[in-house]
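Novice: Sequence:
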Amino acid sequence: MNSIFELKNEINVKTSNFVLLDVITMGIYSILYLYKYTSVIERVVKKNVFHSFFIVSIAICYGVDVFCQNLVLIDFWGENHYSDLSIILNFLIFILDRVWAFKIGIALKKYALNNYNLCFSMNKFYIFLFSNYYINYCINDFCKNNVKA
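Under UniProt numbering, the sequence shown is numbered contiguously, ending at residue 149.
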């Protein structure tokens with residue numbers, strides 16, 4: 001049986017550092033986190049949650065969104081359809097990020113229950129509000145709580 005610390009040791013990202021890096025890089029670190037650690041989480045929980053194209057599609061939406069925002073800044077002629085596209089892409093990124101968080105949250109709950117017989121509860125409101133930050137916090141907190149038990 002795997003150690004309860006395996007997932008935390010594989011990811012090894014403090015939530016405060018994660019938030020700080022995400023703010024400094026204006027969201028790019030969040031996409032890199034999803035790309036790098038989704039496969040790690042899937043390997044540890046032994047469940048394939050996402051195809052790799054899902055994370056790539058989030059990155060594509062983010063890149064096109066940044067491009068559209070730059071076009072909005074340089075468009076001097078008044079009619080601006082790029083801002084509408086940018087709003088749609090921002091909403092799509094928001095939804096895809098929440099889908100990732102909820103699916104990974106479900107996989108982590110099943111992992112805790114099946115491997116360690118622990119009922120690991122996650123607040124759905126916090127998952128919706130903080131998404132990948134809360135998932136990272138729960139991975140770190142999962143290990144802390146189970147050391148005491």
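Be careful, since some hints might not be right.
[Stated by the list, open to error] The calculated lysine to any residue pairs, modelled on SDA-like cross-linking and capped at a C-alpha distance of 20 Å, are:
no., residue 1, residue 2
1, Lys47, Leu92
2, Lys47, Lys144
3, Lys144, Asn117
4, Lys46, Asn90
5, Lys36, Phe67
6, Lys103, Asp84
7, Lys8, Val19
8, Lys8, Ser121
9, Lys36, Asn117
10, Lys109, Ser86
11, Lys8, Asp84
12, Lys110, Ile127
13, Lys36, Asp97
14, Lys8, Phe54
15, Lys36, Asn17
16, Lys109, Thr38
17, Lys47, Ile60
18, Lys144, Asn114
19, Lys144, Tyr111
20, Lys110, Leu92
[What the hints assert, rightly or not] Derived Cβ-Cβ restraints for the label pairs, each shown as a range:
no., residue 1, residue 2, range
21, Val40, Asn70, 25 to 35 Å
22, Ser121, Val66, 28 to 38 Å
23, Phe5, Leu71, 22 to 32 Å
24, Lys144, Leu20, 18 to 28 Å
25, Ser83, Leu118, 39 to 49 Å
26, His51, Met26, 19 to 29 Å
27, Leu71, Lys46, 18 to 28 Å
28, Glu6, Gln69, 34 to 44 Å
29, Leu118, Leu71, 24 to 34 Å
30, Lys47, Phe67, 17 to 27 Å
31, Tyr35, Ser121, 37 to 47 Å
For the record, the hints were derived by calculation from the structure and aren't laboratory data.
All residues carry an ideal CB built from backbone N, CA and C; glycine is no exception.
Novice: Please go over all the hints and tell whether each is borne out by the structure.
Specialist: Structure-based check of all given hints:
1. Distance hint between Lys47 and Leu92 is unfulfilled; the C-alpha atoms sit about 25 Å from each other, more than 20 Å.
2. Only pairs whose Cα atoms come within 20 Å are accepted, and Lys47 paired with Lys144 is rejected, the gap being roughly 23 Å.
3. With a C-alpha separation of about 16 Å, the suggested pair Lys144 and Asn117 falls inside the 20 Å cut-off, and the hint holds.
4. Between Lys46 and Asn90, the direct Cα distance comes to roughly 32 Å. Violation of the 20 Å bound is thereby established for this hinted pair.
5. With a C-alpha separation of about 24 Å, the suggested pair Lys36 and Phe67 falls outside the 20 Å cut-off, and the hint is violated.
6. A hinted pair counts as satisfied when its Cα atoms are at most 20 Å apart, and Lys103 with Asp84 does not qualify at roughly 29 Å.
7. The hinted pair formed by Lys8 and Val19 meets the criterion: a straight-line CA distance of about 17 Å does not exceed 20 Å.
8. About 17 Å separates the Cα atoms of Lys8 and Ser121, which keeps this hinted pair within 20 Å; it holds.
9. Using a Cα cut-off of 20 Å, the hinted pair Lys36 and Asn117 is violated, with the two alpha carbons roughly 28 Å apart.
10. With a CA separation close to 35 Å, the supplied pair Lys109 and Ser86 exceeds the 20 Å bound.
11. Only pairs whose Cα atoms come within 20 Å are accepted, and Lys8 paired with Asp84 is rejected, the gap being roughly 40 Å.
12. Under the criterion of a C-alpha separation no larger than 20 Å, the hint pairing Lys110 with Ile127 is consistent with the structure, at around 16 Å.
13. This hinted pair checks out: Lys36 and Asp97 have alpha carbons roughly 15 Å apart, not beyond 20 Å.
14. For the hint linking Lys8 to Phe54, the alpha-carbon distance of about 23 Å lies beyond 20 Å, and the restraint is violated.
15. A distance of roughly 16 Å separates the Cα atoms of Lys36 and Asn17; the hinted pair therefore holds under the 20 Å criterion.
16. For the hint linking Lys109 to Thr38, the alpha-carbon distance of about 15 Å falls within 20 Å, and the restraint holds.
17. Straight-line distance between C-alpha atoms of Lys47 and Ile60 comes to about 25 Å, which puts the hinted pair past the 20 Å bound.
18. Taking the CA atoms of Lys144 and Asn114, the gap is near 19 Å; set against the 20 Å cutoff, the hint holds.
19. A distance of roughly 16 Å separates the Cα atoms of Lys144 and Tyr111; the hinted pair therefore holds under the 20 Å criterion.
20. As the CA atoms of Lys110 and Leu92 are separated by approximately 27 Å, the hinted pair breaks the 20 Å bound.
21. Between Val40 and Asn70 the Cβ separation comes to about 33 Å, which falls inside the hinted range of 25 to 35 Å.
22. The beta-carbon spacing between Ser121 and Val66, approximately 37 Å, falls within the hinted interval of 28 to 38 Å.
23. Look at Phe5 against Leu71: about 47 Å separates their beta carbons, and that is not inside 22 to 32 Å.
24. Hint check: Lys144 to Leu20, Cβ distance near 20 Å, so the stated range 18 to 28 Å holds.
25. About 47 Å separates the C-beta atoms of Ser83 and Leu118, a value consistent with the hinted range of 39 to 49 Å.
26. Range check, His51 to Met26: Cβ separation about 26 Å, and the 19 to 29 Å hint holds.
27. Distance hint check for Leu71 and Lys46: the Cβ-Cβ separation is about 44 Å, which falls outside the suggested range of 18 to 28 Å.
28. Taking 34 to 44 Å as the suggested C-beta distance range, the pair Glu6 and Gln69 conforms, at roughly 40 Å.
29. For the pair Leu118 and Leu71, the beta carbons lie near 50 Å from each other, so the given range of 24 to 34 Å is not met.
30. At roughly 35 Å, the beta-carbon separation of Lys47 and Phe67 lies outside the given 17 to 27 Å, and the hint is violated.
31. At roughly 28 Å, the beta carbons of Tyr35 and Ser121 sit outside the given window of 37 to 47 Å.
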